[in-house]
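What follows is each chain in one-letter form.
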Amino acid sequence: MKKAEKIKKNIADALELPQDIVLDLPKITMIGNLQLYVENHKGIIEYSTNQIRIYTKLGILRVLGKNLLLKNIVVEEIVITGEIKQVEFYD
Amino acid sequence: MLILRLWNYIRGYVIIKIEGLSLEKFINACVQKDIYLWEIKRINYTTLEAKVGIKGFRVVKRLSRKCGCRVSISRKNGYPFWAHKVKKRKMLLIGAFFSCILLMIASSFIYSVDVVGNERVSKEEIIAALEEIGLKAGANKYLVDIREIENRLLIELHELEWVGVELSGIYARVEVVEKVPVPERVEKDIPCDIVSVKNGVIEKVIARSGDAVVEKGDIVSKGDLLVTGVIQRDNIPNPLYVHSYGEVYAKTYYETTKSMTTVDVRQEKTGEVKKRYMLRIGSMELSIGGGEIPFENYVIEKSVKSPFFWRNKDFPVEIIVETYFEANETHINLDIEELKKKLHSDSVAELMAEIPSEAEILNSTIDFYQVDDIIYGNMIIEVLEDIGEQRKIDL
Numbered sequence: 171m172k173k174a175e176k177i178k179k180n181i182a183d184a185l186e187l188p189q190d191i192v193l194d195l196p197k198i199t200m201i202g203n204l205q206l207y208v209e210n211h212k213g214i215i216e217y218s219t220n221q222i223r224i225y226t227k228l229g230i231l232r233v234l235g236k237n238l239l240l241k242n243i244v245v246e247e248i249v250i251t252g253e254i255k256q257v258e259f260y261d
Numbered sequence: 246m247l248i249l250r251l252w253n254y255i256r257g258y259v260i261i262k263i264e265g266l267s268l269e270k271f272i273n274a275c276v277q278k279d280i281y282l283w284e285i286k287r288i289n290y291t292t293l294e295a296k297v298g299i300k301g302f303r304v305v306k307r308l309s310r311k312c313g314c315r316v317s318i319s320r321k322n323g324y325p326f327w328a329h330k331v332k333k334r335k336m337l338l339i340g341a342f343f344s345c346i347l348l349m350i351a352s353s354f355i356y357s358v359d360v361v362g363n364e365r366v367s368k369e370e371i372i373a374a375l376e377e378i379g380l381k382a383g384a385n386k387y388l389v390d391i392r393e394i395e396n397r398l399l400i401e402l403h404e405l406e407w408v409g410v411e412l413s414g415i416y417a418r419v420e421v422v423e424k425v426p427v428p429e430r431v432e433k434d435i436p437c438d439i440v441s442v443k444n445g446v447i448e449k450v451i452a453r454s455g456d457a458v459v460e461k462g463d464i465v466s467k468g469d470l471l472v473t474g475v476i477q478r479d480n481i482p483n484p485l486y487v488h489s490y491g492e493v494y495a496k497t498y499y500e501t502t503k504s505m506t507t508v509d510v511r512q513e514k515t516g517e518v519k520k521r522y523m524l525r526i527g528s529m530e531l532s533i534g535g536g537e538i539p540f541e542n543y544v545i546e547k548s549v550k551s552p553f554f555w556r557n558k559d560f561p562v563e564i565i566v567e568t569y570f571e572a573n574e575t576h577i578n579l580d581i582e583e584l585k586k587k588l589h590s591d592s593v594a595e596l597m598a599e600i601p602s603e604a605e606i607l608n609s610t611i612d613f614y615q616v617d618d619i620i621y622g623n624m625i626i627e628v629l630e631d632i633g634e635q636r637k638i639d640l
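Just so you know, the sequences run in chain order A and B. If you use the working numbering, the first sequence closes out at 261, no skipped numbers anywhere. If you use the working numbering, the second sequence closes out at 640, no skipped numbers anywhere.
Everything labelled a hint here was simulated from the structure, so no lab data went into it. Keep in mind that this is a model prediction, so the values were computed, not measured. Everything hinted at is true.
Heads up, incomplete: computed chain A residues facing chain B, CB under 8 Å, no partners named: (1) Glu216; (2) Lys241; (3) Val245.
Even for Gly, the Cβ is constructed at its ideal location relative to N, Cα and C.
The following block holds chain B by itself, in its conformation from the complex (with noise of 0.2 Å):
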């Protein structure tokens, strides 16, 4: 019955109000007439409450002279009436069409820049280079080509693979994807030294070409040099700058240090609360009312109530809710041995994300140690891998 009560809606109706003493004869004399009555309702002995068209209206009137009744208007309802009401306010018509054409206008630009899948080109780079080329918080949207933009960001960074920009709203979502490194590689005709990549101890030199300076059980750390390109010899007056190449095999140490407790401590909650209010302005916090928490163990939650979200932007003014659960605390001591192959799984899984695949596990050990309620677990995995790396030499 909506498309009724719509249809009522757009023709206008007023509920009249009908007093009188023959109201049965008054509503079949309406009948008689075809003027629609709906929703009659009687209000009390005298009175009745109706709903009627507004040209049955008129009709109404002159039959409610010959039925005894009088008829009043209790409310008008409906398009017309709201027409008339609105035509008398021309500046409110005015402002509604000015607020709608500002609204139109304040979305078409973009409010927000935001960029996701950057680890080593920073945010504010990224930020920067788009702004150059034109999208920036206060471009207008229909503006800025996407295709365009994301084109010339790919030429302005270098380190970006791809890029995708998209617009959602007043909203711009930059997605990147950066380019793999490459290891640099070095010409084969261009004179270079081998140096260390990690620190370890030397455990093979195999110099394919050039002199090496390091032997088996030599330290070195990251950025020594292990086989010089640089061939000095007593019978050449010159030195002789060649590309050397080849493998040097290190033991290197992984290790790492994990701690677990070994007391849980549970919190159960005993039903009584207690709520703190805190308003927000700004960095000012506010308590509003709470007074101290009468409970001695208890567990702290926190909602943040904003009187409105704008988007990713934080409205200064918030409201804190903290709600103080009492609990019971109850210690339950773990089983160490458990704990002990946890921290170990956890540990070489931590290691072997590390560790490069071709490298060979010499040796690996874990030692524990207690202190108080913590239990620490410290794994040193041994490896044997190659840890040059070929670097020019300048000239």
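Only chain A is shown next, with the shape it has when bound in the complex (with noise of 0.2 Å):
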């Protein structure tokens, strides 16, 4: 994390700020394992009905399952519905 980042960090802490709007991190929602909204994304990587890539500011969000289906995309959302299984970061 760089240093301007670390004071960013800081400051929502010590405000109580939301940390996904200052930061501008991804929010992610679940709904048991049927929905998935992912708030402030950057655009899609990969989509296929058993795999969806998303790229975000953390690096790539990746959602595992089976049957997936894009509920529908804009800018600040994505909305997934289907069967998921797996949720994880990675660079």
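Join these two chains into a complex; the hints should help.
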């Protein structure tokens, strides 16, 4: 993490600001294993029925599952439905 | 999400098929251009299917060329496309409009009139009276004044106490309450006789006015003269007409015979079922397949299926389903004493409803006799009551 980032994080902690806004991080919400919301994404890298890779600030977010479907996709948000099995970040 | 789907439907959308190699790039480009894509489905390695709004679709076409993929429409959906299609078929629209109008006109008429609550006044009579007033099948329901009809029916038929007309859709329900008949009272200055209203054996005649023509022990039947108002004496040249009154007590008999079976046949279903179908057209019945019933003892359940049911009008075509359940019969002999008790209480209940409340019960007997499996109970109740009724003398 760069120095500027660290300062930002400290300020966010001190002021109790939501970190996803201050640090420009993705906010991921899951409803069971049925639905996954990814807010603040940077684009989609790969999309197939059992794997979706999304580019975010923290690197690549990989969603593994079955019968995955992109319910909708707009600039701020991606909604994935299907049978989600695994969500992971990797560089 | 119904609202969203409805909104999309109103706005119109197309289902597009995108073919190419770098489909993710295409999706990202769409997102960048602010095109809303939804329900993106992966068909296979080179194909995607997605929904996109009409406006977005034009941009998508241009984008696809840039990204090196091919976009084709697989379906158009939504209100704008539908409206466009309908515009080309004006007659369809006119037809729909006219059928709506026709339905409205047709439903403004009364199709059937039903009368409930009448006992002594016949239904035909009431319906005929209603027809004259204006409430009949075929009358426009917006033109008939219900209050007016109720009042006029009351005037027309004196036997009615109250009339209520209810229109529910195309069906008119007329509810009536009849007047309780009041025994005809004869004014005190009008000459009259006393006649019998029931069969019986005279027990006591108290003629306060008029001459008694029966005495104790006489057997009278309904309508017989008991006390006459025409007084003839040897010393009076012309007969004298008086208003006779008094009480005539007679023994009357109320009788009923009831029967019950002493063997209870229980049918237990074994589970074997056979169905037969019949088609009924009017009064003609056609059986459709089926064949013989393979059971010796069976229980039949009939059910009728009409293609559609139109209020209380029968549609002349029906399908009758007869279901035959195989059954085992078991005979159980019932307790005779129990049956006798039941017969007795049933008979008493039935007769007590007939006997007037002021009558005095003198005696009651019940005889039981059995024929084969059926037990009969014959009950007679002997009652002392006033059987006289005044009747005007026709001069």
